[in-house]
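Number of protein chains: 2
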Amino acid sequence: MTRLLTVMEDLGCPIEEGEVQVERTLRKDAEENRERILKAAKVLFAERGLGVTLDDVAHSAGLGVGTVYRRFPNKDALVEALFEQRVIELINVAKAALEFSDGWEGFLYLLANMLTLETEDRGLRDVILGSEYIKGRLRDLKAEVAPLIESLVAKAQEQGTLRPDFRANDVPVLTAMAGAAQEYCGVASPGIWKRYVAIVLDGLKANRSSLTHMPEEALNHEQLHQATLNWKSRRLSDGRR
Amino acid sequence: MTRLLTVMEDLGCPIEEGEVQVERTLRKDAEENRERILKAAKVLFAERGLGVTLDDVAHSAGLGVGTVYRRFPNKDALVEALFEQRVIELINVAKAALEFSDGWEGFLYLLANMLTLETEDRGLRDVILGSEYIKGRLRDLKAEVAPLIESLVAKAQEQGTLRPDFRANDVPVLTAMAGAAQEYCGVASPGIWKRYVAIVLDGLKANRSSLTHMPEEALNHEQLHQATLNWKSRRLSDGRR
DNA sequence: CGTATGCGGAGATATTCCCTCCGCTTATGA
DNA sequence: TCATAAGCGGAGGGAATATCTCCGCATACG
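Chains as they are written, first to last, in our numbering: chain X, 159 to 399; chain H, 159 to 399.
Since copy identity is lost for identical chains, a pair holds within one copy or between any two.
Below, simulated DSSO-like cross-link-like pairs (lysine-lysine); rule was C-alpha separation at most 30 Å, straight line: (1) 390 to 300; (2) 352 to 313; (3) 200 to 352; (4) 186 to 233; (5) 253 to 390.
It should be emphasised that the hints constitute simulated quantities derived from the structure, not laboratory data.
Whenever a hint applies, use it, and build me the whole structure from the sequences.
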């Protein structure tokens with residue numbers, strides 16, 4: 159197999175991942191290192207989002223940069239390897255949410271679980287909200303989520319429990335908002351994002367008599383100060399060249 | 159005066175801004191350029207936040223970098239010159255909000271106006287949410303806002319119109335969230351942040367019978383796609399050194 | 001018209017990121 | 001056992017990006 163591939167390449171026939179299934183088994187140590195890379199990357203991406211460098215990953219895995227680049231030619235490949243499964247989790251959450259006979263219950267289930275996944279993993283949030291590094295299979299998987307949410311929203315609205323002017327496309331924006339709350343306060347109080355989701359949920363219910371219990375305390379002054387220190391203005395591209 | 163200052167510096171006595179009031183009048187052209195810098199910076203900071211470079215500002219003002227650095231020794235100085243007035247506006251909004259006899263009306267007034275100011279000016283948002291570049295007078299002014307909000311929240315809660323588990327310290331987080339909505343969707347639909355603030359307000363009212371009208375349409379798929387392209391994972395510091 | 005003041009922007013310095021290259025090491029199977 | 005394909009580390013090249021200085025030249029103004 160290896161022989162054949164090499165020959166094909168020598169003939170100027172580049173081997174495209176996916177066209178020919180390159181399944182050459184790795185040497186034992188190489189396979190181990192691949193696992194270490196994935197493990198380190200999982201943690202780093204979850205903590206700091208898709209912005210992490212392959213250099214960071216290498217360092218964190220206790221390996222040289224070269225090793226990482228040999229196994230994953232670029233960040234896209236690593237991202238795909240790591241997040242396919244996680245996006246499938248999202249799809250499953252949405253499917254499970256559709257199982258509820260009560261549309262509001264389902265919607266609640268969706269938001270609670272989806273936001274938990276996406277808020278606690280910055281990388282997953284980047285995958286859902288952005289498009290950088292997201293190609294091929296991962297992109298396709300991601301596209302499966304929206305229609306499910308649309309059904310769910312429609313159902314809850316038909317039953318009159320979700321406010322009628324809400325739209326499925328608002329969901330990613332809620333994700334961005336919960337993410338912002340998390341990034342702002344997370345240093346001082348991880349999990350506080352639930353407090354703000356509680357507020358939003360009370361704003362989404364078509365009719366409500368009681369208030370949802372807010373599951374976390376607000377930041378105290380010291381914590382807010384900490385958040386303040388942590389805030390960085392994101393550099394925006396400026397268009398000129 | 160200039161003479162004196164120079165001598166003092168020659169003697170190794172650094173001149174601190176604010177200790178000695180340096181009020182030497184600028185040459186006419188220099189004064190003009192100073193205005194151009196402020197004008198350009200105002201626009202850039204509003205659009206892209208405190209992350210803009212003094213080089214950016216210079217270029218946008220049609221001046222050389224040196225000119226900008228001569229007039230404003232660093233970004234702190236420029237930020238202070240630009241945002242003092244804007245923070246005073248915030249203070250005035252909060253004071254005006256306290257004038258309402260109806261606490262909820264006042265709270266509504268506060269959020270509507272404060273969030274408008276802070277959402278439409280990324281720089282102001284950075285000033286409020288962050289601490290980078292914020293020193294001296296600007297810092298002091300900023301500190302005047304929180305107590306006003308505290309009174310306002312207390313008042314509305316005493317009157318039973320604002321949910322009792324809300325805290326004044328939640329306000330900056332709401333700012334961060336509205337800002338996130340704006341940054342995510344702003345390219346496709348500026349002003350859409352009001353849609354999400356409407357939801358949040360409905361979640362903050364202690365009792366509500368009707369829903370607040372959502373002032374903007376949700377993004378359509380094309381717009382959402384645009385938002386997706388615009389999303390960048392903020393690079394977080396990684397702690398190692 | 002002399003000179004203090006101001007101007008432009010190249011470039012020094014520092015940081016960050018992406019990725020390649022190459023000398024050395026190691027797993028593997030003939 | 002040992003030849004060798006496969007793998008490894010990490011220095012370093014190259015490209016951006018940001019901050020701030022320096023100095024030869026221009027100009028406002030008394």
